[in-house]
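Each protein sequence line maps, in turn, to chains H and Y.
Each residue of the first sequence is one higher than the one before, counting from 1 in the working numbering.
Each residue of the second sequence is one higher than the one before, counting from 1 in the working numbering.
Fair warning: there could be bad hints in the mix.
[What the hints assert, rightly or not] Negatives, chain H to chain Y, calculated, CB over 10 angstroms:
no., residue
1, GLU42
2, GLY43
3, ARG67
4, VAL82
5, PHE89
[Stated by the list, open to error] For each label pair, taking beta carbons as the anchor points, the in silico distance ranges come out as:
no., chain 1, residue 1, chain 2, residue 2, range
6, H, LYS60, Y, LEU60, 27 to 35 angstroms
7, Y, ASP30, H, PRO112, 38 to 46 angstroms
8, H, GLN81, Y, THR26, 29 to 37 angstroms
Source of the hints: derived by calculation from the structure; they are not laboratory data.
Just so you know, even glycine gets a beta-carbon here, dropped at the ideal spot from N, CA and C.
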Amino acid sequence: GNSVTQMEGPVTLSEEAFLTINCTYTATGYPSLFWYVQYPGEGLQLLLKATKADDKGSNKGFEATYRKETTSFHLEKGSVQVSDSAVYFCALSDVGGNQFYFGTGTSLTVIP
Amino acid sequence: EADIYQTPRYLVIGTGKKITLECSQTMGHDKMYWYQQDPGMELHLIHYSYGVNSTEKGDLSSESTVSRIRTEHFPLTLESARPSHTSQYLCASSAVNTDTQYFGPGTRLTVL
Numbered sequence: 001g002n003s004v005t006q007m008e009g010p011v012t013l014s015e016e017a018f019l020t021i022n023c024t025y026t027a028t029g030y031p032s033l034f035w036y037v038q039y040p041g042e043g044l045q046l047l048l049k050a051t052k053a054d055d056k057g058s059n060k061g062f063e064a065t066y067r068k069e070t071t072s073f074h075l076e077k078g079s080v081q082v083s084d085s086a087v088y089f090c091a092l093s094d095v096g097g098n099q100f101y102f103g104t105g106t107s108l109t110v111i112p
Numbered sequence: 001e002a003d004i005y006q007t008p009r010y011l012v013i014g015t016g017k018k019i020t021l022e023c024s025q026t027m028g029h030d031k032m033y034w035y036q037q038d039p040g041m042e043l044h045l046i047h048y049s050y051g052v053n054s055t056e057k058g059d060l061s062s063e064s065t066v067s068r069i070r071t072e073h074f075p076l077t078l079e080s081a082r083p084s085h086t087s088q089y090l091c092a093s094s095a096v097n098t099d100t101q102y103f104g105p106g107t108r109l110t111v112l
């Protein structure tokens with residue numbers, strides 16, 4: 001079956017530090033992969049996505065590469081800001097785009 | 001920017017009350033979803049719909065019910081609220097043949 005395994009949190013970083021949040025997946029076929037971000041008191045917002053192997057999704061300085069050989073989709077940012085403090089979810093959708101599978105979320109706190 | 005709305009944003013009610021959480025989207029999406037988000041942040045799919053008059057139960061057993069009479073509207077009803085229903089409820093939608101879900105801001109429900 002399909003599933004997503006995400007790095008446990010919480011993660012605390014100083015401003016301008018490098019961020020990596022690990023995500024691996026199990027899926028049949030070729031799913032699409034996503035990172036969503038949830039700010040306090042809000043719903044999830046799409047951060048970036050990749051739809052096929054070796055695709056790199058990027059947005060707001062964040063990026064992630066769809067690695068089929070390692071079944072991974074790690075989120076990275078070179079220099080985090082206080083405003084990046086949020087919960088990050090890795091997700092995949094099945095080939096038909098009907099069902100979505102979310103990781104457990106990783107809380108990130110960036111301190112000045 | 002996704003146009004998906006949830007009301008109310010916050011609700012505190014007593015045990016045994018009947019409540020309806022509203023979700024509407026103006027994007028014409030056929031697919032809609034309800035998730036329950038526990039305090040540990042994990043998302044659990046409780047209901048989904050692929051179109052008008054179509055509703056299905058999700059992975060997490062829930063005492064709630066849903067209806068889909070209009071494309072844009074997907075309300076969730078609890079006939080008799082209990083403290084165990086205290087949670088954040090997130091509504092999402094996506095278009096047919098696309099693989100991206102868009103989320104509403106959520107309803108935070110507290111049952112006393």
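Original post:
Is the gap between the beta carbons of ASP30(Y) and PRO112(H) within 38 to 46 angstroms?
Top reply: Hint holds: Cβ distance 45 angstroms, inside 38 to 46 angstroms.
Original post:
Non-interface claim for ARG67(H): all C-beta distances to chain Y beyond 10 angstroms?
Top reply: Per Cβ check, ARG67(H) is outside 10 angstroms of chain Y; nearest 18 angstroms; holds.
Subject >> Assertion that VAL82(H) lies outside the chain Y interface [Cβ separation over 10 angstroms] >> reply: Consistent with the label, VAL82(H) stays out of reach of chain Y, its closest Cβ about 20 angstroms off (over 10 angstroms).
Original post:
Per the hint of 27 to 35 angstroms, is the separation of the Cβ atoms of LYS60(H) and LEU60(Y) within bounds?
Top reply: 31 angstroms, holds
Original post:
Is the distance from the Cβ of GLN81(H) to the Cβ of THR26(Y) consistent with 29 to 37 angstroms?
Top reply: The hint (29 to 37 angstroms, Cβ to Cβ) holds, given that GLN81(H) and THR26(Y) are roughly 32 angstroms apart.
Original post:
In terms of Cβ atoms, is chain Y entirely out of 10 angstroms range of GLY43(H)?
Top reply: 4 angstroms, violated
Original post:
Can we confirm that no CB of chain Y comes within 10 angstroms of the CB of GLU42(H)?
Top reply: 6 angstroms, violated
**OP:** Compute the least Cβ-Cβ separation between PHE89(H) and chain Y, then decide whether it is above 10 angstroms.
**Re:** 7 angstroms, violated
Against the hints set out earlier in the document, violations occur for numbers 1, 2, 5.
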